[in-house]
Every structure is written in C-alpha cells, then in structure tokens.
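These protein sequence lines are chains L and V, in that order.
Read left to right, the first sequence gives residues 2 to 334 (our numbering).
Read left to right, the second sequence gives residues 2 to 334 (our numbering).
There could be a bad hint or two in this list.
If several chains are the same, the list does not tell them apart, and a pair holds so long as it fits within one copy or across any two.
Calculated cross-link-like contacts (lysine-lysine; reagent style DSS-like; alpha-carbon spacing at most 25 angstroms) [claimed, not checked]:
#1 LYS239 / LYS210
#2 LYS324 / LYS52
#3 LYS77 / LYS52
#4 LYS113 / LYS174
In short, the hints are calculated from the structure, not lab data.
There are 2 protein chains.
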Amino acid sequence: MTETRFDALCIGNAICDVFGHVEEDFLQQESLVKGSMRLIDTDEAVRLFDKMGQTVRISGGSAGNTAAGIASLGGKPAYFGKIAEDELGDSYYHDMNGTGVYFNTPRLRDSKPTARSMILITPDGERTMNTYLGACTEFGPGDVDESVVAASAVTYMEGYLWDPEEAKKAFLKAAEIAHQNGRKVALTLSDSFCVDRYRSEFLSLMSDKVVDLLFANEHELKALYQTGDIETAIAAAKETDALTALTLGAEGAMAISRNETVKVAAQTVDNVVDLTGAGDLFASGFLFGLARDYKLADAAELGCVCAANVIGHVGARPERPLKNVATQSGFEV
Amino acid sequence: MTETRFDALCIGNAICDVFGHVEEDFLQQESLVKGSMRLIDTDEAVRLFDKMGQTVRISGGSAGNTAAGIASLGGKPAYFGKIAEDELGDSYYHDMNGTGVYFNTPRLRDSKPTARSMILITPDGERTMNTYLGACTEFGPGDVDESVVAASAVTYMEGYLWDPEEAKKAFLKAAEIAHQNGRKVALTLSDSFCVDRYRSEFLSLMSDKVVDLLFANEHELKALYQTGDIETAIAAAKETDALTALTLGAEGAMAISRNETVKVAAQTVDNVVDLTGAGDLFASGFLFGLARDYKLADAAELGCVCAANVIGHVGARPERPLKNVATQSGFEV
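With the hints as constraints, model all of the structure from the sequences given.
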C-alpha cells in the first residue's frame, strides 16, 4: 500500500463565496427557497449581484471548506477543484495553500471565470446560495491525480459534483483508484435539493459499495430515504454497509452503522452569525478524527467543535486555528 | 448656492481590504509596528500575501468606508477614488453603488491593478495594514467632478491622499471648489505615521483655513501637536479655527472648538473582533449628524454608535443597515 501522505483528499466545486446580508422579504421577492443552493447562469448572476448590497468575499466550496478545516486542525489534506487564471482564482489558490492544503489542480486559461456563489444571509443566520459554476464545469477525470488519491486515507467528495457533467466522471474515477489502493471513499449529500436531483444515483453509490462513508444533515438524510421522519431515515441508514455521519444542528451529531450508533451533543454557541460551512467543518473534524483513529464518538464530537467555531462569524472557513480551538476543548490534536 | 445633493463627498484611496488573522509574534518576525499602515511595492505585496493564511476580502479604504457608512444610515454620500477595470475593481464598484453611494470616478484601463491592503488582525482586534496603492496612484485633479463637490454639504478627505503625488493636487482642487461654493472641507488624519510624514503640511491646511473640520484619534492628535499628553493636544486643537472631532476608543469621543467642547461616552461592545474602520464609521455618524443639523453631542454620539457596530465583525463596512442600528439607539435617522 502507498504511504499515507494525506489525512483526506477532498474533491469539489471550487467556488468563491460572495456574502451579503438580506432581510427575509428579499428571498420572497426573488422567489428563493431559504437554505437551498440553486445553479444560475451568467445573466442571473449579474442581475442578482446588482441587487445585493455590501458584500464580503471568502474562498468557499463545500469540500474546499472541509479541506481548509482539516489543515486548520493541523492535519494534512489535499484538494482537487477547478479554478481559472483570474483574481478570484488567485485568491482561492492562495487561501488553500496558505492554510496548508495540498492543491495543485491545473488552472483554466482563457475560458470560463472562477466560480462564485452569492450567499444571502438572513437575520436567522440561514444562507441561501446562488451558484454560478464557471470554471468548475471544466473539472474532469484528467484532473484526478492518481498518486494523490492513492496516498490519501480517505477521498471525500461532494454530491454537488453530480451537477457538472465531467465532474461526475472524475468522482467515479477517483473512487475506483481509492478502492484499488485500499482507501475509503466518502460522499457528502451537499443539500436536500441536490439529493432530490440525484437520489437514485446516490442510493446506487451506496448499494454498489462505491461509497463507504456518508455525510448528511437531517434534511438530506430524510430526502435520501424519502421520509418525513428522521428515525425512519436513521433506521434505513443502519441497514446500509456504509457508516453514516449525521449532523442534527443544535441537537448535535450521530455516527450510524450496522454495528455501532453513537450520538454526541452540540457545542454551545452564544452568537450564531452565519450557518454557512457548519456541515463542511463538521466533516473536517470527523475525517480528522477517523484519520487519527479516534473513537467514533470522539470524532463526532471534534466535528461538533469545528462546526460550532465556524458559525460564529461570516464565512465557512476558520478564522483562528482550529488546532487551538480543539485543544481548548480538550482534544489532543 | 448649488442645491445640496449629497450629505458628504468622501475622497480617498480606493482599496480592497484583504484580512487575515495572525498571532502577535508574526508582527515581530516581520518587523511590523502594530496599528500602523505602511506602503509596500509589488514584490513585498506578493511576498507578504504568500505568508498569510486564510483571507477575507472586503471593499475598504478609509473614506470609502465612511461613505458606505453614511449610505447605510440612509444618507446620501458621494465618493471619488480610483479603481481599475479588474475583478477587485468590479467588487469595489458594486459595493459602493450597491449600498447607495454615488461613485462614478473613471476606471483605469490596461495599467495598474486596483489597490489592495493586507490587514493583519492580532488577537486583541488591532490591525496592521500593508497597502499596495496600485491604481490609486493615478487618481488626480482630472478626477475631481466639480458639480459633485459643489453639491456636497462637506467634502471629506483622507490624510492618506498625501501619499500618491497627484492625489494631493486633487485634494487641494476639491477643497478650493468646495469653499468657492460655500461648502465645508474636512480632513481625517488617517494614522499617526501619516501625520509624521506630513505634519507641517497638515498644520498649514489648518492655519490657512483650507480645512474646517478635523477628524483624529488620540494618537494622531498627539502626533499632530507633537505632545505625549492628550490634554495638551486638546488645548492646542481648541486654539485653531477648525472644529476637531476626536475619537478616544473605549473612552468615547469629543468635539472641540473655540466656542464649544463636548464629550460623549463610547457604546458598550461585548465582543471586539476587529477594530478596522472604527474611526471611519465614527466619521460616518458624525458627518451624517452635522448634515442633518444635529447638536454636536448628538452627532458625536451617532458616530460612537456606528463605530461600535463595525468593530463586532471582520471588515470596516457595515453588515446590517446602520439605519436600523441607529434607530434602535434612539436616533431618528
């Protein structure tokens, strides 16, 4: 087996987040479903951006956030994602490498710009995402560096990769290489609307044992198993061969498998500013924990610590080193 | 007299802020003076950026922040500043116009990029700025739109405008037009190092009555009058023909003139995250108050309300409408 160089390889749509605060009625005027992510074209991206007030720009992308979180914990992550040779791409590249993520996907020249997502934050901290995929649509199997996959303890991928056509092929190629090298493959369901778009494919990934580890929140797991009852969804998750890591917001998180199910409480957060990245950073802590052979409950608890940290400020990337945050919570990282 | 279309015209270096959190020893390793702003060239900008970890990008620039704050209060500000035709410039243009600032300075093509400042935030919330001026060095007298100056109740300018050579000429031209039209001229001292660079010129602006209204914090006023004692500096300010608005951090603020001196307390802030913009947003509230014929003490208090709001999050621009914040504090804006 190849030497393990990376705690996790994260693969996803490389997106720059553009945050703006809006009131509740803005979502109604724009007919947007709170908490959803929708894909928009250039015209809509321009139109909506013009209607936003003051904005803040931070590198994002679900799997990118997870990779940054693992680096912030002191772990060794790698990342695959497609950015362009433009200013947003420069920022994205910098933020990844500056925090210690191995990120070397060839950049796109003279084609589509780096992807951006306009994230509307309502007063309750919920976020509604409007994503222009740009350069991400050019990510494909050719961008999957086999040696990195082989050297990563787990390859963690977004459900969102099902949106750009070629990215799906890259997902399957990476999963195959990972398993050929005795590595694990993880899928995050991304959001419940993403599950609605690709439910049967995601269920096949589970039954075909392409995916060993599933990340979901309550809405996503209920959507996957088409039930309104979370207990029914948990029972369904227990029947699969995969380990399911389930986040429950203020209720904490669970790790569910045939043999063992654990539940941990959420961390207390005084001032929830922006829920963006809570799930992504939970995955950082959980994946880091698994890579370091933590018990399931401890890995889930570290996930909750990371998630709690990120929702106290705007943006889905850690501001202060998570290594310090985790140490203060009693973890030896 | 021309009809008043703008509560204030703000003129300054149009800069995109790039924020990153660093530990105290980072400043020592880089031989940086905490709380200062220094100008850097392209090589140094690239070198320092590479050493920063995760970053956040928000439109900034001292006078730009002040203009955005006035708009956020529901006022009518205008802004002059030089940006390029690039992504950072697009963001800057959007943020200004999206929040209601009249901003129409011709953009620079095929030349220097939009300016950026790398702002290092230490755990105490202090910020140390490293500014690459880029397109700002091309701002000059030709960018001063006479009709806008004539229609603005006050023209408010940064001391930082003394750094790019042509910007200084633009400052003096704008001041002349303002006075020809019976308008007021305000100067903010920007930072104590800026005062050290241009002390005699700033003092001449006061004695020559080019400046009617001076904004300073404690360090800047002491630097201007070359004293270590704030009471001595206040006494000196009282002897000038200008009105001096003095911010005192946690001690609040004062308005000082020959005839009247008032002091107001600071607002309580539970969680100071980043002091960037406190002075800029104080100026927003104070200028808005003066334009609306508030009493001096009320204008100073509105300034403190705006300053308190901005230091609770990263970045020098309001996240939520200051109009709502001011209303909650009992102001009718």
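Hints, verified against the model:
1. In the homo-oligomer, the alpha carbons of LYS239 and LYS210 lie at most 25 angstroms apart inside one protomer (15 angstroms), although the nearest pairing across protomers, at 79 angstroms, exceeds that limit.
2. Taking the shortest alpha-carbon separations for LYS324 and LYS52, only the inter-copy value of 19 angstroms comes in at or below 25 angstroms, while the best intra-copy value is 38 angstroms.
3. Proximity of LYS77 to LYS52 under the C-alpha cut-off of 25 angstroms is restricted to the inter-copy arrangement: shortest distance 18 angstroms between copies versus 40 angstroms within a copy.
4. In this homomeric assembly, LYS113 and LYS174 come within 25 angstroms of each other (Cα to Cα) only inside a single copy, at 24 angstroms, whereas the closest approach across copies is 43 angstroms.
Violated hints for the displayed structure: none, as all numbered hints are satisfied.
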